[in-house]
Amino acid sequence: MTLAALRSCSAGAETDVEYRSVTLAKTTLTDIVSASGAVRSGETTNVYARQNYPVAALLYDVGDEVREGDILALLDTGTLEIDIEIAENSLRQSEDGITDEERASASSSESARIQLESAKVQLDKARTSYETQQSELDARTAGQLVSSKNAVDSASDAVQSARSALSVAKIALDSADRSLANAKTELTNREGDYSVSQTLFGAGVISKNELDNADKALTQAGDAVKSAEDALERERSNYDKAQSALSQAERSLANAEENYNSTESQLSNSLASARKDVTNAELSVANAQNAYDTALSKRPPSMIGIENQKLQLEKLRETFADREVRAAASGVVTQRGATVGAPASGAMFVIESRDDLYVSVRVKEYNLPRLSVGQKAVIGLDAAGDRALDGELTYIAPKAATEAGSAAVEFDAKIRIIDDDPAVRIGMTAFVSIVTDELKDVYAVPYDAVSYDDDGGFVYRLADGAPERVSVKTGLQTAQLVEITGDGLSEGMEIALSAEEVTGAGDAASGLRIVGGVRQ
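My numbering applies: residue 1 is where the sequence shown begins, and numbers increase by one.
By construction, these hints were calculated from the structure, which means they are not laboratory data. Check before you lean on any hint, since a few could be wrong.
Think about it this way: if two alpha-carbon atoms lie no more than 20 Å apart in a straight line, the pair counts; the simulated SDA-like pairs of lysine to any residue are [unchecked claim]:
no.	residue 1	residue 2
1	LYS26	VAL482
2	LYS241	ALA172
3	LYS26	THR478
4	LYS276	SER90
5	LYS364	LYS315
6	LYS315	ALA172
7	LYS184	ALA214
8	LYS216	ASN182
9	LYS310	ARG40
10	LYS414	LEU368
11	LYS440	GLY486
12	LYS414	ASN182
13	LYS376	ALA329
Computed spacing ranges between beta-carbons, pair by pair [unchecked claim]:
no.	residue 1	residue 2	range
14	ALA25	ASP356	40 to 46 Å
15	VAL62	ARG92	21 to 27 Å
16	GLU314	ARG127	55 to 61 Å
17	THR219	ASN255	51 to 57 Å
18	ASN255	ARG234	45 to 51 Å
19	ASP70	GLN312	28 to 34 Å
20	SER244	GLY192	53 to 59 Å
21	PRO343	VAL62	19 to 25 Å
22	GLN312	LEU283	32 to 38 Å
Quick caveat, the model's predicted, so the values are computed rather than measured. No residue lacks a Cβ here, since even glycine has one placed at the ideal position from N, Cα and C.
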């Protein structure tokens with residue numbers, strides 16, 4: 001802002017009047033919708049313990065960064081380690097006491113089990129192969145088979161076209177043949193007329209001119225025969241070509257149909273073979289299952305007891321492994337719901353990812369027409385200092401979130417944080433400016449600089465002498481500025497910040513000095 005001094009005269013005295021002004025310059029005018037909210041994570045993971053043992057130790061606290069697989073807590077499994085050692089010793093004693101016959105039985109059942117598992121693996125492979133070929137068949141049907149069918153249709157159309165062409169050529173050939181016959185008949189007639197004319201001329205009955213006319217008619221009839229013979233030869237050639245084209249089109253159609261049938265057969269055979277492999281694999285699994293069931297039925301009671309001991313030991317070991325509560329995802333611990341000494345129940349930890357941060361805000365109902373998903377936003381955080389983060393409006397709720405008893409209607413919205421800034425923490429307060437409109441290289445002045453009357457808007461240009469009125473049109477409006485356009489505007493022009501100061505300049509004639517709009 002500057003002060004522009006103008007000199008005015010009153011009763012022979014000169015008085016300097018100063019106005020607040022702004023120097024007109026091209027600028028970028030941005031319209032925004034402001035809101036505030038909190039930083040949230042788009043991905044939240046709850047961590048639960050698999051066992052309900054008391055918590056022995058908590059290794060991470062709220063605010064700590066964790067990676068997937070990190071041990072967050074340990075459970076107090078009490079005497080479980082001793083129980084495992086006892087179970088292991090008992091199993092060894094039982095295994096030491098079995099006979100060779102019992103070992104052979106165990107080996108037989110284990111071998112049958114391995115064969116069953118192998119058969120199941122082969123069945124899975126066969127099913128995968130079948131599903132893969134089924135997918136390939138669908139894709140090839142949409143491509144290769146359809147292409148072959150299109151070739152058949154195209155060849156069929158070509159045959160129909162060739163048959164039509166042959167029919168047209170046959171009509172033309174018959175017409176040329178009839179024309180030649182007519183021309184020959186005419187020639188015979190003209191030959192007879194000429195012979196009669198020669199006799200009559202010799203007898204002096206007709207003149208030489210009449211004889212010449214008869215000769216001319218005979219010549220023309222001969223030429224017509226020659227022309228008809230040539231035309232017949234051309235049409236015969238065209239007919240032969242049409243016949244050859246039809247034969248070629250019929251051969252192409254036969255080849256296209258054969259290729260289509262072959263392609264269809266190959267695809268069907270390939271799928272049938274894969275399906276047969278699945279059937280054989282299913283049969284192998286059934287046979288292996290029967291063999292395994294038979295081997296199990298022949299196990300002695302001592303081996304059954306040993307197998308039960310093994311199962312119980314495995315369960316104890318799995319339970320002992322579950323004493324480690326591990327992070328199911330990477331992120332920041334935002335909540336800890338466990339206490340040392342208390343049973344591990346409910347969500348022990350809440351982990352929120354930093355890879356998908358957004359600001360949750362509420363926007364006023366009257367701003368909705370100006371907002372749309374995809375608009376850019378500028379995000380400010382107290383912790384980020386003067387640095388502004390780039391954002392994008394990604395969500396506007398379809399339903400109002402107005403609280404009970406409130407007259408204001410608001411809608412939830414989300415602004416994705418594009419910039420990755422370590423200073424940004426989940427839960428921080430953020431201030432958001434959503435850019436709803438932006439104009440570059442325009443003139444803009446404060447609202448008070450523009451006045452209106454019946455002729456429209458105008459501003460006051462300040463220069464030597466009296467203030468000069470300049471007509472303008474207003475455009476985009478922001479919270480502080482309004483766009484102005486007009487033929488009388490130019491770069492560097494001084495514009496009065498307040499029209500009231502200009503219209504009140506008459507007070508200067510009374511010896512008052514107006515500075516910054518305040519009379520002194």
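Verification of the supplied hints:
1. LYS26 x VAL482: holds (13 Å)
2. LYS241 x ALA172: Holds, because 13 Å separates the two Cα atoms, which is no more than 20 Å.
3. LYS26 x THR478: holds (16 Å)
4. LYS276 x SER90: Since the Cα atoms of LYS276 and SER90 sit roughly 48 Å apart, the hinted pair is violated (cutoff 20 Å).
5. LYS364 x LYS315: violated (58 Å)
6. LYS315 x ALA172: Distance of about 95 Å is beyond 20 Å: violated.
7. LYS184 x ALA214: Holds: LYS184 and ALA214 sit about 17 Å apart, inside 20 Å.
8. LYS216 x ASN182: Holds - the C-alpha atoms of ASN182 and LYS216 are around 18 Å apart, at most 20 Å.
9. LYS310 x ARG40: Violated: LYS310 and ARG40 sit about 48 Å apart, past 20 Å.
10. LYS414 x LEU368: holds (14 Å)
11. LYS440 x GLY486: holds (16 Å)
12. LYS414 x ASN182: violated (93 Å)
13. LYS376 x ALA329: violated (30 Å)
14. ALA25 x ASP356: 40 to 46 Å: holds (41 Å)
15. VAL62 x ARG92: 21 to 27 Å: Taking Cβ atoms as reference, VAL62 and ARG92 lie about 47 Å apart, which means the hint is violated.
16. GLU314 x ARG127: 55 to 61 Å: violated (29 Å)
17. THR219 x ASN255: 51 to 57 Å: holds (54 Å)
18. ASN255 x ARG234: 45 to 51 Å: Hint violated: Cβ distance 32 Å, outside 45 to 51 Å.
19. ASP70 x GLN312: 28 to 34 Å: Holds, since ASP70 and GLN312 (Cβ atoms, about 31 Å apart) stay within the stated range.
20. SER244 x GLY192: 53 to 59 Å: violated (42 Å)
21. PRO343 x VAL62: 19 to 25 Å: The hint (19 to 25 Å, Cβ to Cβ) holds, given that PRO343 and VAL62 are roughly 21 Å apart.
22. GLN312 x LEU283: 32 to 38 Å: holds (35 Å)
The structure is inconsistent with the numbered hints 4, 5, 6, 9, 12, 13, 15, 16, 18, 20, although it conforms to all the rest.
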